[in-house]
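Residue numbers (this note's numbering), protein chains in the order written: chain A, 1 to 371; chain B, 1 to 371.
Read the hints as simulated data drawn from the structure, not as lab findings.
Beta carbons are placed, not taken as given, at the ideal position from N, Cα and C, and that holds for glycine.
Where hints are given, some of them may not hold.
[Said to hold, decoys possible] To give an idea of the interface, some chain A residues facing chain B are shown, with a C-beta separation under 8 Å as derived from the structure:
{"hint": "1", "residue": "N159"}
{"hint": "2", "residue": "A170"}
{"hint": "3", "residue": "Y175"}
{"hint": "4", "residue": "A178"}
{"hint": "5", "residue": "T369"}
[What the hints assert, rightly or not] Taking lysine-lysine pairs in the DSBU-like style, the calculated list, with each CA pair at most 35 Å apart, reads:
{"hint": "6", "chain 1": "B", "residue 1": "K90", "chain 2": "B", "residue 2": "K200"}
{"hint": "7", "chain 1": "B", "residue 1": "K200", "chain 2": "B", "residue 2": "K147"}
{"hint": "8", "chain 1": "A", "residue 1": "K90", "chain 2": "B", "residue 2": "K288"}
{"hint": "9", "chain 1": "B", "residue 1": "K147", "chain 2": "A", "residue 2": "K147"}
{"hint": "10", "chain 1": "B", "residue 1": "K288", "chain 2": "B", "residue 2": "K245"}
{"hint": "11", "chain 1": "B", "residue 1": "K90", "chain 2": "A", "residue 2": "K147"}
{"hint": "12", "chain 1": "A", "residue 1": "K90", "chain 2": "B", "residue 2": "K245"}
{"hint": "13", "chain 1": "A", "residue 1": "K90", "chain 2": "A", "residue 2": "K147"}
{"hint": "14", "chain 1": "A", "residue 1": "K90", "chain 2": "A", "residue 2": "K245"}
{"hint": "15", "chain 1": "A", "residue 1": "K200", "chain 2": "A", "residue 2": "K147"}
{"hint": "16", "chain 1": "B", "residue 1": "K90", "chain 2": "B", "residue 2": "K147"}
{"hint": "17", "chain 1": "B", "residue 1": "K90", "chain 2": "A", "residue 2": "K200"}
{"hint": "18", "chain 1": "A", "residue 1": "K288", "chain 2": "A", "residue 2": "K245"}
{"hint": "19", "chain 1": "A", "residue 1": "K90", "chain 2": "B", "residue 2": "K147"}
Number of protein chains: 2
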Amino acid sequence: MWHVDTAAAEAIAVGAGILGTGGGGNPYLGKLHLQRLLREGAAPPTVVAPDEVPDDALIVTVGGMGAPTVGIERLARGDEWTVALRTLEKHLGRRADYLVPGEIGGANATRPLVCAIQTGLPVIDGDGMGRAFPELQMKTFSIYGVKATPAALCDVRHNTAIFPDLPDTATLERYARAVTIQMGGHAGYAFVPMAGAALKRCVIPHTMTLARDLGAAVLRARREHTDPLDAVLGIVGGQRLFAGKITDVERRMAAGFARGAVRLDGLGAWRAETLTIEFQNENLIARKGADPAGGEIVAAVPDLICIVDSETGAPVTTEVLRYGLRATVLGVPAPALLRTPAALAVVGPGAFGYAVDYRPLPGTFGVGTDS
Amino acid sequence: MWHVDTAAAEAIAVGAGILGTGGGGNPYLGKLHLQRLLREGAAPPTVVAPDEVPDDALIVTVGGMGAPTVGIERLARGDEWTVALRTLEKHLGRRADYLVPGEIGGANATRPLVCAIQTGLPVIDGDGMGRAFPELQMKTFSIYGVKATPAALCDVRHNTAIFPDLPDTATLERYARAVTIQMGGHAGYAFVPMAGAALKRCVIPHTMTLARDLGAAVLRARREHTDPLDAVLGIVGGQRLFAGKITDVERRMAAGFARGAVRLDGLGAWRAETLTIEFQNENLIARKGADPAGGEIVAAVPDLICIVDSETGAPVTTEVLRYGLRATVLGVPAPALLRTPAALAVVGPGAFGYAVDYRPLPGTFGVGTDS
C-alpha cells in the first residue's frame, strides 16, 4: 500500500502518458486536478495491491471515454466519473469499496485518483489494459469474463445514462459510444462492478506502481542529464524500434475515434529508412516504409508502440503528432494477460482489421531491459 | 370507459394510420398482435377517459421509436415497451397505474394496447400528439412542461437503457435516438412518468375513441360503397387538399429518420396541377408545384397532411409511397393544444427548418365536416 502525493502524481502522469501508446488521452489535466486537490489539503489517495483486496469487496472501474482529440478543446468538469459512480451505486443498491483504473495508459490513470479523493475510496494497483486501447471490450476484465454491466455514464452537465444488463461489453461499447458522442464526445463512466475474487483473476497487477516508477525514472534522467529513453526501457522493458523525424501525419475523426497514420523518416542508425504507424486513438501497427498497407511489420497490438520525444522522453500522443518532431518509437512487450489466444481475439491485429499474424516482441512487460 | 375488442382493434388500426400523416409506423402489425392476444383469451384492454383518472395516479407513456422504414424488414419482438416499462418501474420504485400513447398516429396507437394486455393496465383515451411527429419533444406532455425522464428503452434482445434525469426532452431525443440506432433502428420506450393531474392538463383527449370512430367510418363506407374520404372528413374534420397520381418519390434514411419528398400530378378537379409534400417520417409541408422549396404552401405542420388511397381511404404511409398510386391529400386542422405559440415553437414549420408562417387550416380537430 502506498499513497499518491504530489511528486507521485507528477511521475504517474509521465509514466501513464508513455503507456498510453499515443492514446488514452493526456493525463496532464488529471494530474493538475489531482495536485490542486492535494494542495488544498485532500488526503493522498491510497493505492492497494490486488492481493490485499477481500474476495467479496465491490470494485468498480471509473474513468472517461471519448476521443482524446475532444479533450484538447473541451475540459472535463472533473467529477463526471464520480457522478457516474454514484448513479451506478444507486442502481446497484450498494456502495463500492475500491476503484480500479480501466486503463493505466493516458488520462484514465489519473481520473480514478481524482475520483478516489472525491469519494475517499482506495484505488487498486493495477488496471484492465496495462496500456490504453480504444474500445471498452478490450479490457482484461471483459476478456476474462467479468460482466461490464450495470454501467453508468455521466456527461459534463451531469446528465446520466444507465445500461442495466447488456449481453457483452462490445454491445456496451456500441451503446455507450453512441451516447458519449451525443454527450459532446466525452463522458465519465463507472462500470464492470466486480468482486475482489474476479479482480484478482484478471487485473494486470502493479501498473500504478509501474507508471509511477516509469515516470520517476524519466524525470530523474532529465534532471541528471542521462538518456530518458534508456530510463524508460530500464523500467518497462522493450527496445528502440526506430528514431527519426515526423514527416507526415494523417488524422481524422471517425465514429468518435481519432484515426490515421504517422510517418517518420529515420535519423542516426535508421537514416534512409521510413516507418509508418497507424492508430485508432492508440498506435496499432508499425511498418517499415511509407506505405501503411505494405511494409514489413515491426510491431503490432497488443504490444505497446510508444512514440516519445527523442530528447526528453515525453510521450507524444496521437493528438499532438506534428511535422518535424524528433521522436523515438519504443516497442514494449504486452502484459502476459494480453498475449493469450482469448486476448488476441479481442486485442490482436485481427481485432483491428489487420489480416496479419501477431509476432510478440521479445521481453517481459514491466521487467526492465538494459540498452 | 370502453374496451378494445377485435372489431375496435381493426378500426383503430385504420384510424391511427390516417392520423399518422404518413409516419408513426404502420399499426397493422400491432393490430395483428392485439387480435391474436384477444383470440387467445386475453381480456380486452380498458380505455379510460382522462377525467376519470385520479390526480395522484402514475401514468407512463409506452410505445416504440425509430424509423418506420426499419419496421418493414425487422419485426418488433412485441414486448419491448413492456420490458422498458418494467425497467422504468424498477428504477422509480413504483408501479404504473395507467398507460398513455405518446402518439395516436401510427403504430404507437396499438402498442400501448398490446402493453395493456401484457400488464393488465388500463389505457388513457388520449395521447401526446393527436397525430404522429418524428421527435420525442414534440409531445404535448413535453411542450407543456412534464419531465420526460426517468426514461427507459428496450431493444429486441431485451437490452435496456435508462436515462435517470435529463434537463429536457430534446436531450432525451438525442441520447435515446443514438441508442435506438445502435439497437438496430427500433426500440420500445417507457417514459414521461406523470401524475394524473399533469396528464389532464396536457393530454389531447379522446383520440383513441377518435381513431376507432374514424376507422369504423372508413370500414363502413367500404362495406356500403359510399365515399370513404367523405367518411374520414365527417369524423375528424378538414378538407380535401389535392387528388392525383404519385409521380415521384425521393426517400432516404438520414440520422435514423426517413426523409424525402413525394410529388403528385393532379386528377379531376386538380388536373394540370402538381403538389409536392416533404416528410421526415411524417408529412410536414405541402406546396403547389414540383419544386419542394418554391410553391405556394397549401398546408403545414402541425396541421395534419394525410395521404390516403383515393378508392379505399386506406392510409398511405411514407414507407409505401410509390409511383402510380392514386391518392388524395387531406388537410386536417391540428388539435388546439398544438396551435398555441408554445406548441408552434416546437412543432410549427420553423421547428422543422421551414422559414414560413403557419397558416392554420380552417375547422376544428375531431369535429367532422360535411363535404
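Does T369 of chain A pass the interface hint, meaning its C-beta sits closer than 8 Å to a C-beta of chain B?
violated, 43 Å
Can the restraint linking K288 of chain B and K245 of chain B be considered satisfied, given a maximum Cα separation of 35 Å?
holds, 14 Å
For the hint on N159 of chain A, just tell me whether its beta-carbon gets within less than 8 Å of chain B.
holds, 5 Å
If you draw a straight line from the CA of K90 of chain B to the CA of K200 of chain A, is it 35 Å or shorter?
Cα-Cα ~32 Å, so holds.
Take a quick look at whether K90 of chain A and K245 of chain B sit within 35 Å of each other, Cα to Cα.
violated, 58 Å
Checking one constraint from the list: CA of K147 of chain B to CA of K147 of chain A, max 35 Å. Satisfied?
With Cα atoms ~32 Å apart, K147 of chain B and K147 of chain A stay inside 35 Å; holds.
Need the status of pair K90 of chain A, K288 of chain B: alpha-carbon distance at most 35 Å?
violated, 56 Å
Straight-line Cα separation of K90 of chain B and K200 of chain B no greater than 35 Å?
holds, 25 Å
Would the stated hint for A170 of chain A survive a check requiring a Cβ distance to chain B of less than 8 Å?
Cβ of A170 of chain A sits 11 Å from chain B, so the hint is violated.
Next pair to validate is K200 of chain A with K147 of chain A; report whether the Cα-Cα distance is within 35 Å.
At roughly 15 Å apart (the allowed maximum being 35 Å), K147 of chain A and K200 of chain A satisfy the hint.
Can you verify the interface hint for Y175 of chain A: is its Cβ closer than 8 Å to any Cβ in chain B?
holds, 5 Å
Could you grab the alpha-carbon distance between K90 of chain A and K147 of chain A and see if it respects the 35 Å cut-off?
Within the cut-off at roughly 18 Å; holds.
Comparing the model with each earlier hint shows violations of hints 2, 5, 8, 12 and 14; every other hint is respected.
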